[in-house]
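Asker: One line per chain: the protein sequences are A and B, in this order.
Using the numbering used here, the first residue of the first sequence is number 95, and each one after it goes up by one.
Using the numbering used here, the first residue of the second sequence is number 9, and each one after it goes up by one.
Read the hints as simulated data drawn from the structure, not as lab findings.
Note that the Cβ used here is the ideal one computed from N, Cα and C, for glycine as well.
One thing to keep in mind: the hints can contain errors.
[Said to hold, decoys possible] Simulated coverage check for chain B against chain A, where a stretch passes if three residues somewhere in it have a Cβ under 8 angstroms from a Cβ of chain A: (1) 9-22; (2) 89-101; (3) 127-140; (4) 144-153; (5) 220-229.
[To be verified] Below, a list of computed lysine to any residue pairs in the SDA-like style, where the Cα atoms sit at most 25 angstroms apart: (6) Lys296/A <-> Gly122/B; (7) Lys296/A <-> Gly136/B; (8) Lys218/A <-> Gln412/A; (9) Lys296/A <-> Leu144/B; (10) Lys218/A <-> Ala282/B; (11) Lys296/A <-> Thr65/B; (12) Lys145/A <-> Ala282/B; (13) Lys296/A <-> Met9/B.
[Unchecked claim] Below, a sample of chain B positions facing chain A; criterion: calculated Cβ distance under 10 angstroms: (14) Arg123; (15) Gln124; (16) Ala200; (17) Leu204.
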Amino acid sequence: MKRLLTSASLLVALAMPGFAEGTKIGVITTLSGPAGYLGEQIRNGLDLGLKASGASYELIVEDDGRDPNTGVQIADRMLNEEGIKLLTGIVFSNVSGAVVPETLDAGAIYVSPNAAPSPLAGEKCHPNYFVVSWQNDSLHEASGAAAKKLGYTTAVALAPNYQAGKDAIAGFAREFGGEVTEIYTGVEQSDFAGEMAQIRDKAPQVVFQFHPGGQGIAFLKQYQQAGLLGTVPMVLSEPSYDAVILKAVGPAAVGITGTTHWNDDFDNEASKAMVAAWATAFPETPLTTYGQQAYDTGLLIGSALNKAGGDGDVAALQAAIKAAEFTSTRGSFAFGPNQHPVQDWYLTAIEADAAGNPKIVTKEKIREAVGDVYAANCKM
Amino acid sequence: MILLIEQLLNGLQYGVTLFLLAAGLTLIFGIMGVINLAHGALYMVGAFAATWVAIQTGSFWAGLVSGLLASAIAGIVVELGVMRRLYARDHLDQVLATFALILIFNQSTVLIFGRQPLFTSVPEIFAGSVQILPGLPYPTYRLFVIAVGLAVAVGLYLLINKTRIGMLVRAGASNRQMVRALGVNIQGLYTAVFALGALLAGLAGVMASPIVSVQVGMGDEIILATFVVVVIGGVGSVKGAFVAAILLGMFDTMLRAFLPRMLQEIMPGPEAQALGVGLSSMGIYLMMALVLLVRPRGLFAAHG
């Protein structure tokens, strides 16, 4: 009985805020299933970024399995039972579309390291909702701009049939301006033979496709196997050709044009420090933009925690995040009126390195200091 | 016209992959009366083993053999360790236990291989494409998959209809108790059938591995369609599984390829796309509902 009491009081003591290591940060992310490596990148990037900021923190990581219902359940537990005031980590827009409103209703703050669906960027913008990555559309507007700059006028655009897929095709078409044939694929589809046949039939000048994670690997492999890689050029946004996808696809990816807001060859101190820290911590896994965005998110949250002294005063923490006093690994970074980033976009080429493996090489800046089209609808 | 032929081939290829999975599932379901949700996990085991060995040795064929071995061994271990305890229990217990197996297989794969997808190339002789018709190059590897699937179908037909073990399998599928009463070593038969089913699932995984990305959870995506095939074909019938798999593969591919386009003729672009994609992902389930309405036991029910 005595021992039971001792261990019970020990448990209570551990649960007391005073005993905690640092501010608890809830990380809801996708760690299982085909897109599991995206969540892994985000979790690791957050941890490295927060470490670099010198803040005192503790990450509570949970897997949402890419399922909005699971995401909401986890958020509910974190917000109401564990008293966490700051959430982050979501990979997919369908999950964030469900979890973010829940978080904001509870008076907590959400900082997105990735997903930024259009509904939350415009009229539904919120003082406690921040996005460090990009707004979904602007990610793909860069690809539209690149395809236009390369002189193409007809395109086939493919994306999975969910919010981020719709945002992708809308964003691409907006800046491309030419004739776009839209094809929506299944969210869990892994065989794209039917789509390959349709592309061949349409014979466009350029193909744009948005398939993050394992889907992107399958798509590129099958594009090559169908003999389309040499004949119809492809322009991609960063999630469709991340370092992991390229490593998996191999030399077949050489020659593809991409657009990105960050690449590992960026010549600034913050980026170099991050690349070095990642290579030491995770030598087996290449750093992708997911990891980079999460690292920036970690830097931002860390700077705000340092300034506000933890999450005791949520308003002070919110103001400190809004101030965005951190040095981004992408060079220029600022929050627009809807607290989504205003940043530069770059054209990249996929070239063969000495061993013949594909590597991403930054070419030129194609868009400078752009926010997103929904910011105008945001009244805060 | 060329598009139609290409889509028919795609449908056929999807169909034979479904058949490889469904043949094992329907036998296990029909003979042992066990709902094995973890059948997709065996598909994943085959794909991972084959890809890993192919990466290590640089040979697709070494990968093929190891993939088949690994999935068959996994099947035997699952049968001896878990399934055996489930035969006498009701379907809910079986669903629960085999669902747990999915989670165990998935997480073990994460522990061993990590979350990064694996990748192999198609074997050298099947790289590139064949000009089937002028203007229609088709990937050689996909033709190889179709050929393997059809060969397995013929092999299974011979095994089940012309051999002694096949006779026991057929007897077991139509009346389990009677086979046992006649003194057949039913335990041995169960293990053999389960291993065969696992081997076929592994083969499907090996065949798919150079096409799709080999990743944790890959089996969970295809197993739903496989269950639909089993139900449409009739539980326990390999012939039914074959007919239903080819039908469903074709139907699903055709719907996805042509429905959005046809809808675009009568309504504006994005809505037609959304509706088309939605309807075509429902297609196979509608087909199942229709078949069950007309033939509640499936097309070729094995049970008397």
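Asker: Now tell me, hint by hint, if it's right for this structure.
Answerer: Hints, verified against the model:
Counting residues of the region 9-22 of chain B whose beta carbon lies closer than 8 angstroms to any beta carbon of chain A gives 7, which meets the minimum of three for the stated coverage. For the region 89-101 of chain B, the assignment as covered by chain A is violated, since 0 residues bring a beta-carbon within under 8 angstroms of that chain's beta-carbons and 3 are needed. Under a criterion of three residues with beta carbons nearer than 8 angstroms to beta carbons of chain A, the stated coverage of the region 127-140 of chain B is upheld, 5 such residues being counted. Counting residues of the region 144-153 of chain B whose beta carbon lies closer than 8 angstroms to any beta carbon of chain A gives 4, which reaches the threshold of three, so the coverage claim holds.
Counting residues of the region 220-229 of chain B whose beta carbon lies closer than 8 angstroms to any beta carbon of chain A gives 8, which reaches the threshold of three, so the coverage claim holds. A hinted pair counts as satisfied when its Cα atoms are at most 25 angstroms apart, and Lys296/A with Gly122/B does not qualify at roughly 39 angstroms. A C-alpha spacing of about 21 angstroms is found between Lys296/A and Gly136/B, which places the hinted pair at or below 25 angstroms, so the restraint holds. Straight-line distance between C-alpha atoms of Lys218/A and Gln412/A comes to about 17 angstroms, which keeps the hinted pair within the 25 angstroms bound.
Taken as a hint, the Lys296/A and Leu144/B pair is honoured in the structure, with Cα atoms around 13 angstroms apart against an allowance of 25 angstroms. At roughly 24 angstroms between alpha-carbon atoms, Lys218/A and Ala282/B fall within 25 angstroms of each other, so this suggested pair holds. Taken as a hint, the Lys296/A and Thr65/B pair is broken in the structure, with Cα atoms around 40 angstroms apart against an allowance of 25 angstroms. With a C-alpha separation of about 44 angstroms, the suggested pair Lys145/A and Ala282/B falls outside the 25 angstroms cut-off, and the hint is violated.
Under the criterion of a C-alpha separation no larger than 25 angstroms, the hint pairing Lys296/A with Met9/B is consistent with the structure, at around 13 angstroms. Hint on Arg123/B holds. Least Cβ distance to chain A is approximately 4 angstroms, under the 10 angstroms limit. Hint status for Gln124/B relative to chain A: holds, with the closest Cβ pair at about 5 angstroms, below 10 angstroms. A distance limit of 10 angstroms between C-beta atoms decides the matter here; for Ala200/B the minimum to chain A is near 31 angstroms, and the interface restraint is violated.
For Leu204/B, the interface hint is violated, the least distance from its beta-carbon to any beta-carbon of chain A being 25 angstroms, above 10 angstroms.
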